[in-house]
Amino acid sequence: MADRRTFIGLGAAAVLALVSGCTGGATEEKPADFSGEVTGAITVLTNRTDLATTALPEYAKKFQAKYPGTTVTFEPVTNYEGDVTTQLSSGEYGDVLLIPNTVKVGQLGQFFEPLGTVEELKATYRFVDEKAFEGQVYGLSLGGVANGFVVNKRVFAEAGVTAPPTTPEAFLTALAAVKEKTGAIPFYTNYKDGWPLSFFNSQRAILGDPAVNENFPADPAPWQAGKTPYITDGLLFDIVKNKLSEPDPLTTNWEGSKPMIGTGKVGSMLLGSWAVPQMKDAAKAAGANPDDIAFWPFPYQTGGEFHARIEGDYKAAVSKTSTNKATAKAWLEWFVNESGFAADQQSIPPVVGQELPAALKDFQATGVELMEIPAAVTNSGKEDEIIKASEIDLAGNIYRQKLVDIARGAAKGDKESYFAELNKRWGEAQSQVMR
Amino acid sequence: MTTTMERPAAVKPASGSKIRNRSLTPWLYLAPALALLITFTYVPVGNMVAYSFTSWDGLDVTMEPVGLDNYVKVVTDERYWRVFLISGYYFAASFVQIAIALYFAVILSFSTRFRNLFKGILFFPYLLNGVAVGFVFLYLFQPDGTLDTVLRWVGLGDHTKFWLGDPDIANISLAGTSVWRFTGLSFVLFLGAIQSIPSEIYEAAEIDGAGDWHKFRHIIVPGIRRIISLSFILAISGSLSVFEIPFIMTGGANGTRTFVVQAYETAFQFRQIGLASAMAVVLLLIVLLITWFQRRLVPDEEVTLS
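Chains A and B, in that order, give the protein sequences. Using the numbering used here, you'd call the opening residue of the first sequence number 1 and step up by one each time. Using the numbering used here, you'd call the opening residue of the second sequence number 1 and step up by one each time.
Pulled out of the complex, with its shape left as it was, chain A reads as follows:
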């Protein structure tokens, strides 16, 4: 093991002083210390640049009224993942921040304070195990989302489909009917922007198996009939193969896709429930009926029932380098428990027992069981390692773009050959990581 500091020594001694600012990051494991008075100033990093000067200061005002003597300032970060990852290695990353997904669970302790054990906190909060390592929770969710299809139900109704299809085949038939009877693009992949393709990985609950995250890294060949990636990626393949998606996927545009589904030029997209209010707004702005937008479960039933995964959005944590941890923790807990942020954002409340927002109640009315899937414990972090070694970005878009290319005939191969290749690459990396 070589310490990062030793490498920096390569430069001239005079230069060392200039670059040593980049070598921060505490190494020693100390137990969290949140003692001290709740007072003074804290800085909160946020990805919600749209709310940083509007809604967020309102919350801060309420917090400051409850704890006199405190000041909360927000630092909006536009490119949150990338910029904060860079900031983390500098040691300067505010007092409260959202945990970037680039931080592996095993590294959480290097940057954030443990907030308590999973056992203690799961009685109060949902999604506590998503950013936890060895039983310690490092981040609290600010709100949860469900996964499924955002659809324009008027378009589907015109094609004779009024209820969510229950099998992938039925879904394909429904899309074909949409194409034939309405002329709308039945399914929009958002291939160019890429990240919307990652929602095919968020459908892990479809088999109704709560141990799926634990067992996933143990499987050397997940692209096999009956397994989740085969079903979800397979549906994507079939949609594109049957020409039920946009004709030129290379020129898609996320912002442009919102009014398209709002006005019924597009039938469906696979996204999180967070997208529903955005699509409704876009429909309203384009002069269409926002009530046309609905949220449907992934077309697969186990035991005669739909299952949809619900998961926490970004988790907020207390920075390890914070000099005012007492106030930082007080803010975090107040924001999650009392601010009402989740309800304002129409997301699943992070506190157990609080009521679901209206959009999700409608979703539940389609007969779907909302499932929170526990994170892996024994195989904690293994899936990330396999993804890294195999370069199959399960939670990303690169390999799914290739899948779309193959399906539309723009790259060599077919469904079976590509799934075989994925199984081979995954299996090789898996055998290294899990040995």
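Source of the hints: derived by calculation from the structure; they are not laboratory data. We treat Cβ as the ideally placed atom computed from N, Cα and C, and that holds for glycine. Please note that the accuracy of each hint is not assured.
[Said to hold, decoys possible] With a Cα cut of at most 25 angstroms, we get these calculated DSS-like pairs of lysine-lysine:
id, chain 1, residue 1, chain 2, residue 2
1, A, K361, A, K243
2, A, K241, B, K161
3, A, K179, A, K284
4, A, K179, A, K122
5, B, K73, A, K412
6, B, K161, A, K412
7, A, K104, A, K122
8, B, K119, A, K179
9, A, K265, A, K153
10, B, K119, B, K215
11, A, K104, B, K73
12, B, K119, A, K424
13, A, K227, A, K361
14, A, K412, A, K424
15, A, K243, A, K265
16, A, K122, A, K153
17, B, K161, A, K243
18, A, K424, A, K227
19, A, K361, A, K241
20, A, K181, A, K153
21, A, K122, A, K424
22, A, K179, A, K104
23, A, K382, B, K73
24, A, K241, A, K153
25, A, K284, A, K265
26, B, K161, A, K265
27, A, K153, A, K361
[Said to hold, decoys possible] Simulated coverage check for chain A against chain B, where a stretch passes if three residues somewhere in it have a Cβ under 8 angstroms from a Cβ of chain B:
id, segment
28, 76-89
29, 131-144
30, 247-255
31, 385-394
Got chain A; can you put chain B on it based on the hints?
Just chain B, lined up with the frame of chain A:
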């Protein structure tokens, strides 16, 4: 003895201090430039080379040394070296770029109507931000976008394609964008070089009865040989390190992933800073090697026009 001993001794301190001054002063002037150069060029490169021997993820406090594993992977794994082949499209395009730039540079060196306007028009694309260029061309290449509309106007409607969606055309479309963007740079280099050729030589050639082609062939080309050779070095290293145009326009999808896009994904999507550093080092070595070969093939001799 004593006098001879003393005399040099008396001279020495004076000349010594002069020498010390002389040897120190240039370094003093150089210091700021050297400090900047070392800080922002050599230390980062040194760090990158060091990272390339580790499996660092860009975040962890510890770095696991892995020896030459990263280099072995870059050289042997098809997924890494195949992306180099994409550079071929951009390299081929750079010939088109140099030809167009040279053509216009020659024409606009002599009195042509509106020549300053045309110079401006040709150089303008290079001034545009690469991201903006990407977006402009994304719109141009859209189905029923500008390009398709123009083709239909001129009666070539049957030739419209998915300019970025069709895997056979996508790289050519992107390379075309690159030509559009960088022709201005080559053009300005050529123009500057051509204008530095003394006008008497042309006059003398005209008296001898040389036509335009002869002037181009025997005066201009030898006169700007160094710049042409420089353009080719830039073309090679540029086509190996293409990044922003495919990154913005297709994100590397549809078989347009270049080596640098692949390195970017390895570093920031898969958090393999070590492997990505090894890729960067390999790219650096290849560029150095090609430049060295090129200098051997076309020696940098003094230009003589006589």
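Give me the numbers of the hints this structure contradicts, sorted from smallest to largest.
-> Numbers 1, 4, 8, 12, 13, 16, 19, 21, 22 and 29, in rising order.
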